[in-house]
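Listed in order, the protein sequences are those of chains D and E.
Taking the numbering used here, the leading residue of the first sequence gets 1, the next gets one more, and so forth.
Taking the numbering used here, the leading residue of the second sequence gets 1, the next gets one more, and so forth.
Since the hints were derived computationally from the structure, they do not count as laboratory data.
If a hint is listed, it holds; no wrong ones were tucked in.
Computed Cβ-Cβ distance ranges for the label pairs, DEER-style:
{"#": "1", "chain 1": "D", "residue 1": "169", "chain 2": "E", "residue 2": "258", "range": "45 to 51 Å"}
{"#": "2", "chain 1": "D", "residue 1": "240", "chain 2": "E", "residue 2": "144", "range": "50 to 56 Å"}
{"#": "3", "chain 1": "D", "residue 1": "219", "chain 2": "E", "residue 2": "159", "range": "27 to 33 Å"}
{"#": "4", "chain 1": "E", "residue 1": "258", "chain 2": "D", "residue 2": "50", "range": "45 to 51 Å"}
{"#": "5", "chain 1": "D", "residue 1": "150", "chain 2": "E", "residue 2": "14", "range": "33 to 39 Å"}
{"#": "6", "chain 1": "D", "residue 1": "221", "chain 2": "E", "residue 2": "183", "range": "40 to 46 Å"}
{"#": "7", "chain 1": "D", "residue 1": "228", "chain 2": "E", "residue 2": "170", "range": "48 to 54 Å"}
{"#": "8", "chain 1": "E", "residue 1": "14", "chain 2": "D", "residue 2": "50", "range": "33 to 39 Å"}
{"#": "9", "chain 1": "D", "residue 1": "148", "chain 2": "E", "residue 2": "314", "range": "55 to 61 Å"}
{"#": "10", "chain 1": "D", "residue 1": "150", "chain 2": "E", "residue 2": "190", "range": "29 to 35 Å"}
{"#": "11", "chain 1": "E", "residue 1": "287", "chain 2": "D", "residue 2": "240", "range": "15 to 21 Å"}
{"#": "12", "chain 1": "D", "residue 1": "2", "chain 2": "E", "residue 2": "312", "range": "49 to 55 Å"}
{"#": "13", "chain 1": "E", "residue 1": "83", "chain 2": "D", "residue 2": "196", "range": "56 to 62 Å"}
{"#": "14", "chain 1": "E", "residue 1": "192", "chain 2": "D", "residue 2": "206", "range": "47 to 53 Å"}
Even for Gly, the Cβ is constructed at its ideal location relative to N, Cα and C.
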Amino acid sequence: MNIVVAIKHIPSIADDLPVKGNNVDFDSVDFVLNEWDEHSIEQAVLIKEAVGGTVTVIGVDLIGELDNALHLALAKGADKVVKITADDPAADSHMQAKWLSEAIKGMGADMVFAGVQASNDLDGQIGPMIAAYLDMPYIGGVSSIEANGDSATVNKEFAGGAGAKYSVHMPFVAGVQSAPKPPRYAPVSKVRQMAQSATVEKVAPSGDASSGLAFKKMAPPVVTGHAEMIEGSSKEVAAKIVELLKSKGLA
Amino acid sequence: MSNDILVITEHMDGKFSDVSFEMVGKAKELASALGGQAVAVVVGGGVSSNVFASDSTIHVDDAALSNFNPEAYGKVIEALVKEKSPKVVMFGWTVTGMDIAAWLSARTGAPLAAYAKDVRVEGGGIVVSSQAYGGKLMADVAPEGDMAIVACLAGSFPVEAGQGSTAATTMASPVDAGSLKVKFVEAIKPAGGDVDITAQAKLVSIGRGIGGKENVELAEELAKALGATVSASRPVVDAGWLPRTRQVGKSGLKVKPKLYLMLGISGAPEHLEGMKSAELIIAVNTDKKAPIFNVAHYGATADLFEVAEAMLELL
Ligand SMILES: Cc1cc2nc3c(=O)[nH]c(=O)nc-3n(C[C@H](O)[C@H](O)[C@H](O)COP(=O)(O)OP(=O)(O)OC[C@H]3O[C@@H](n4cnc5c(N)ncnc54)[C@H](O)[C@@H]3O)c2cc1C
Ligand SMILES: Cc1cc2nc3c(=O)[nH]c(=O)nc-3n(C[C@H](O)[C@H](O)[C@H](O)COP(=O)(O)OP(=O)(O)OC[C@H]3O[C@@H](n4cnc5c(N)ncnc54)[C@H](O)[C@@H]3O)c2cc1C
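Chain D on its own, in the form it takes in the complex (with noise of 0.2 Å):
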């Protein structure tokens, strides 16, 4: 089983995210891994331990920081790395999908993997748009991954625990909102030792697409509303709350 899991790094939503221009100032903040990323890393090397195969991660180098979050994924299970060189941090969704599409087309895959969404992606996910790109289906919002033979029986959630189970004919590409068990955690001496003696394969940007929105204005949003702030210690604060709880009868 070949699989491809595409991988995506963005701004860290912990951070302040300053605004320059019409965007995210990328200078100043830091980039980590989409975190649904962890999720499908997670599924493709469950699916690889138990059929056998080979789990390739690839990501678009926006920042020239790439290495630390491939290095994690060798640590977790995958055996290859590519990164796409873009060094451009405002590339959109489009054009990344574009890149990793054109990445992915030679490398024969039953299965690629995209995290269902990441924060930063006003344009769309990446996942849906490979899909189109590679002219495959796409099925997103995915809980679980089973290969058998050539398809594979996938489970789609749509809402409170209620969803569907589908077969899809290979190669198809999944958008995967959480794999069937916690993402494993990959100790730090793993990371460190991957980080001396993995080759990561660099491949140039290739292809062209625009997400054609133009930004007008970024902004914080205008608060309409905001909640009247409790001051005080913490144990000022509890009391507080307490005496608010009694004072509705929810207490």
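Start from chain D and add chain E with the ligands according to the hints.
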């Protein structure tokens, strides 16, 4: 090219979701400003489609489409879009709309503005206000070209404006079901046996800030002292700290309790979709800029463990 707005509606178990009506209402407003028609599109069987206030409704009614299938629905919608060449195609940014909107954008080259909270007409074109970075930023974007795809967050527009009784025109599916690579096998029903969080008057809801499974007990104790039940954000459930039945949000359950006490939840749009109509929302979070403080009624910038322990002493 027309100035029409196509609204891709969604239904489950014979019932349309609210976001379908919300979009139809918005589409009418946009269509009248652009001089076009608001066209509701219903894909799939087993549903009565004469429920929208649209100018017209197209129902692609085919037994092979009775269950959601991203490949089949995508192809049906692509064929319709090519035939009608509308100005705007609206999707819900939901677990099903998300499968198709970006795919259609890449297939047609039409720009997609996702996470839309507002759409308006400016100078003959549309401008979309979208939420970015988990709700921490808003972006105003203008799609270029003849056609735009807009994927709307549920709850952004009023439901009533889209409700009506326009008679639908039925058409057969243009897609050959036999050629599909994705096949629906069976529905998965939610696991029973746990408490129903949608029926609880009080919820103590925990997020990733709870830090680990070993700390869930503290929330359980606090909930017990308040006569409440523990619910959670998605990461808590994905980590296996609580069962899926406790998840609130877009891919979880929609709750409307009298009290929603939030400990260590940031307030991502997908979480808000499930709880924003709770009667009393109190949020405790160490990040004073957490988006949840724009939605909660009361908030405190404080450590959840200290607050929970201090509350337990007082209850
Ligand atoms: C064109 C189209 C056709 C579709 N047809 C089908 C179909 O035939 N069959 C199908 O299963 N899905 C279908 N869907 C999917 C479905 O309509 C929703 O998109 C899906 O339920 C996800 O909803 P959501 O998370 O966006 O929440 P929303 O759309 O906001 O919520 C859907 C509604 O379901 C309720 N709900 C959620 N979970 C539960 C639960 N566990 N028990 C009871 N009520 C619940 C919510 O309260 C809400 O009212 C279709 C989607 C599209 C786009
Ligand atoms: C298709 C799709 C569907 C989704 N459906 C859902 C859904 O149904 N429900 C859902 O919840 N999410 C859903 N998500 C995920 C959503 O986007 C967010 O990732 C998620 O809601 C974040 O959960 P959180 O607030 O617990 O975690 P985070 O965003 O990581 O926030 C943790 C918060 O805890 C605070 N904190 C940390 N330590 C402490 C402390 N000691 N005391 C107080 N505060 C502390 C931090 O400041 C932070 O604000 C969905 C995503 C996708 C793509």
